[in-house]
Structures are given as C-alpha cells and as structure tokens.
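Q: Mind assembling these two chains? They're in different frames, but the hints should get you there.
Each protein sequence line maps, in turn, to chains A and B.
FYI, the numbering used here numbers position 67 of the first sequence as 51, with every residue one higher than the one before it.
FYI, the numbering used here numbers position 90 of the second sequence as 117, with every residue one higher than the one before it.
Any given hint could turn out to be false.
[As the list claims (entries may be wrong)] Listed next, the stretches of chain B that the computed footprint assigns to chain A, with coverage defined by at least 3 CB atoms under 8 Å from CB atoms of chain A:
#1 54 to 60
#2 101 to 111
#3 133 to 140
These are computed hints drawn from the structure, not numbers from a lab.
Every residue gets a Cβ at the ideal spot worked out from N, C-alpha and C, and that includes glycine.
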Amino acid sequence: MLDLIFYLLAVIALAASIAVIMVRDIFRAALCLIMLFMSVAGFFLLLHADFLAIVQVLIYVGAISILIIVAIMLTRDARHGLPLDNYKYWAGAVGLLLLIALAYGILNTTFTLPGTAPLEQTIQPIGQQLFGNGYVLPVEIAAVLLLSAILGAIAVLRDK
Amino acid sequence: MLEQFGYVGIFLLIATGFTVLIPLLPKLFKLMGLIPGKKTAAKLVQYECGMQTIGKTWVQFNFRYYYFAVLFVLLDMLTIFLYPWAVNIKDLGVGGLVAVGIFLVILAVGYIYAWRKGALQWK
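Isolated chain B, as found in the complex (with noise of 0.2 Å):
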C-alpha cells in the first residue's frame, strides 16, 4: 500500500520542484549571461489573465456563494459514502447498487428541495 503511495510522493517531490525551480530560472540564466535581464514595466507586470483590477481586490462577497459551500461540503460527505462502494463494485454486485441508490434516492430529496425552494438559483 506504502510502495502504491510511494508515486504520490513522487509527483509530490517534482511538483515541489518545479514550483521552486520556474522562478529560479530566469536568475540562473542572467547568471549564465543568457539573457540581459533588463526590467522594464511591462516585464514587471503579474502575469495573470484578464483585465487589471480597479481598487481593492479583497472586497466582501455576496453572502449566497455560502450556500454552495455548505451545499458542497454534503456532497463531499456523499462522496465518502461512494468511494469503498465504487472500490469494490465488482464483489458487491446488485445487492450493493441497490444500497446505493437507496442512499443516493434520500440525498437527491434534499437536493431536489434545494432546487426547488431556489437555493441553487442566482436572485
């Protein structure tokens, strides 16, 4: 089991590593004399996508995005649920697929409720 997850420490080391190594390598090349590294405004800009923000990025949000995190968190627990189901579906065959739907059945109660009292709906 350790060996398996072995290969999520892997992928953990190069993605550590190229997250440190990306920045550094415009220095490493100035260094080398590669590249003549002179700053001007528009190398200095945050290389993000779309427009540039007016005024304070931190503003206060709406308060309904909090339904969608609550609503998100119990869809997590759901996945809980799913997850040893999904693991062996092979070996638990008709009888665990029922159980399943079963469960899924009462959870999309309260999302249907949800849909319909308009909570998933933008106003």
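For reference, chain A alone in the conformation it holds in the complex (with noise of 0.2 Å):
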C-alpha cells in the first residue's frame, strides 16, 4: 500500500514538474509547480516527517507560491513566457552539466540509515525540544532574524 503510494506520488512529481518547464503559459507552469509542492510533502509524510510535511505545505505551497504567482502579476505581458529561443542551446547545455554532477553526486553517495525506527510524532518532540529544554534563546534570536526580515523588506520596497 506505500509502495503503491509512493510511485502514485512520484509519477505525480515527476509528471508536475516535467509541466512547469513544458507549459508555455507561466501562471499555469506556476500551478504545476504548487502541485511539485503538495506531492513532495506528501514525500515527507511517508518518510514519517509530518513537521516538515506541514513546514512544506505552509511555507511552499503558502508562502513560496503565493510570491511567484504575485511575481507573475505584477510582470506585464509575461503570462506567455520569454521567447526562450536565443538560449534555448546555453541552457540546454547548463541544464545537462547539472544533470551530470547531480547525477555523479548520488551515485557515488553511500547513503547509510540509521539503526533505529523514525519517530512516530515528531512535532510534540520540536515543541518540547524549542521551547522547554534550552533552546530558548536561539528561538528568541530566529525571531529577532524575523524582524530584520520585515524592517528589511519594508526599507527596500518603500516607495521613494
């Protein structure tokens, strides 16, 4: 039943995003790639990381999507794409030295698991772990990191 699944949720992956590059239309090559989103997170849950699941649907599919399908607003005339031809060979060319280096990077990884099963929950033991035992401060300071974030954005975006 996993196994089943995990391969419903790869074709998922893989058919969304060969999509996002495919699709000349880049609002709805945006959508695919909230699809891309929502299969990964459903990648975490069978890996038994419900944070990181919620953390994926919260901060990609809420926040990340929110900002390029905002991007793709406030561009004029970008719906249809930049006519892509002038780099069509250049990226292809990037695209397969990636390929090649992703490729020889896994391949040659020895990926070891660890002895013991995955927890069962994981957000009761974050919780207890950032705000009960000692973590307390590197919180305080994420959230000073937070700040600096908003009195940031609002000094570069301000209307001069």
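A: Spelled out as structure tokens, the structure:
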C-alpha cells in the first residue's frame, strides 16, 4: 500500500515538474509547481516527517507560491513566457551539466540508514526541544532574524 | 501517524473524485436521455459571480501588492514557530508561554514599524 502511494506520488511529482518547464503559460507553470510542492509534502509524510510535511505545505505551497504568483501578476505580458529560443542551447548545456553533476553525486554517495526506527510523531518532540529544553534563546534569535527580514523588506520595498 | 494522515488521503480522493464527477454529470444525464442538452448562449456563459470583465483580464497589478505578499511570507514563518508550541501547549506551561510571548513581542516591533511607516496603508 505504501509502495503504491509512493509510486503514485512519484508519478505526480515527475509529471508536475515536467509540466513546469513544458507549459508555455507561465501562470499554469506556477500552478504545476504548487502541485509538485504538494507531492513533496506527501513524500515527507511517507518518511514519517510530519512536521516537515506541514512546513512544506505552509511555506512552499502557502508562501513561496504566493510570492511567485504575485510576481507574475506584477509583470506585464509575461504570461506567455520569454521567447527562450535565443538561449535554448545554452540552457540545454547548463541543464545537462547540472544533471551529470547531480547524478555523479547521487551515485557516488553511500546512503547510510540509521539503525533506529524514525519517531512516530515529530511535532511534539520538536516543540519540547524548542520551547522547553534550553533552545529558547535560539528561538528568540530567530525572532530577531525575522524582525530584521521585516524591516529589510519595508526598507527595500518602500516608495521613494 | 500515517493512519491519521490516511484521513487526509481519503479527503483528497473524495475532493478529486468530486471535481472530476461534477463536470461529467451533465454529459451522463444527456447520455441517459434525462436532459435535452440544447446549447444556448446563456448556458455557455461561464458560471461566475460579478460582472463580465471588460478588456483584458491579465493586467499588470500595482506594485504595492508585493508588500502584502512579503509580509504574508514572514507571518507564515511565524506560524511555523507557533505550531510546535501550540501542539504541546499544556506540557510547556508558563515557561513556554513566556518564551512565545517574547517571540511575539519581538516580531510585533516589526509590524508596528510597518504600520507606522504606512506600509500596510493603501495610498
């Protein structure tokens, strides 16, 4: 059953990622990207990483895709994409190089599995660690980081 | 854990099935001879609320919308931190509440700054 779900998710992920680059309409490409993000969240669930799955849905499906869609809304006549013909061969060459590098890296890595089974629930231990067991200060520093991101966004985006 | 998310899978299946089934229903009824299926101009209009749009729908939106998108992304990051706290709010007790309170106060400074600078206002 889990294998079946995995292969279903893999087919969805591959089809969505191929659609992202093949679809001419850039808005539909963005929607296909959201589909890909959702299937990645499904992979996280299969790996017993429920917190990562929720982060994936909240951040990627919720926030990153909103940024992409708003960026598409802000551009004029970009809906049908750029005429990529000028860069077609260069893009192909760079893509091929990247594929070779990635394949080389993956094939030459020995993936070691941990001996213990993964935790059934990850959200509760993460919460205990973050707010209970001495990681409070890093959490507050993360808040300062987010604060600086807000201030930076306002400073960069403000109308002059 | 996976069993609980199985409900999400069932929900997904029902949602997908519903989306596929509803557009097929008129065709099915037509095959069964229940409805005549005559196409008139009014029937072929897209079912949407509001007025028919005039001109192109794909216009360039105002740049100020990007403010809200960026602030939304940052607020979303805040949710990631609040969620593990909210799941075991009882076990963490007062200490966790104080930690989250400080966290929210630090972030509130940013939002008050955005508010005072008029970033949330539509000019």
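Q: Looking back at the hints listed earlier, which ones does the structure fail to meet?
A: Violated: hint 1 alone.
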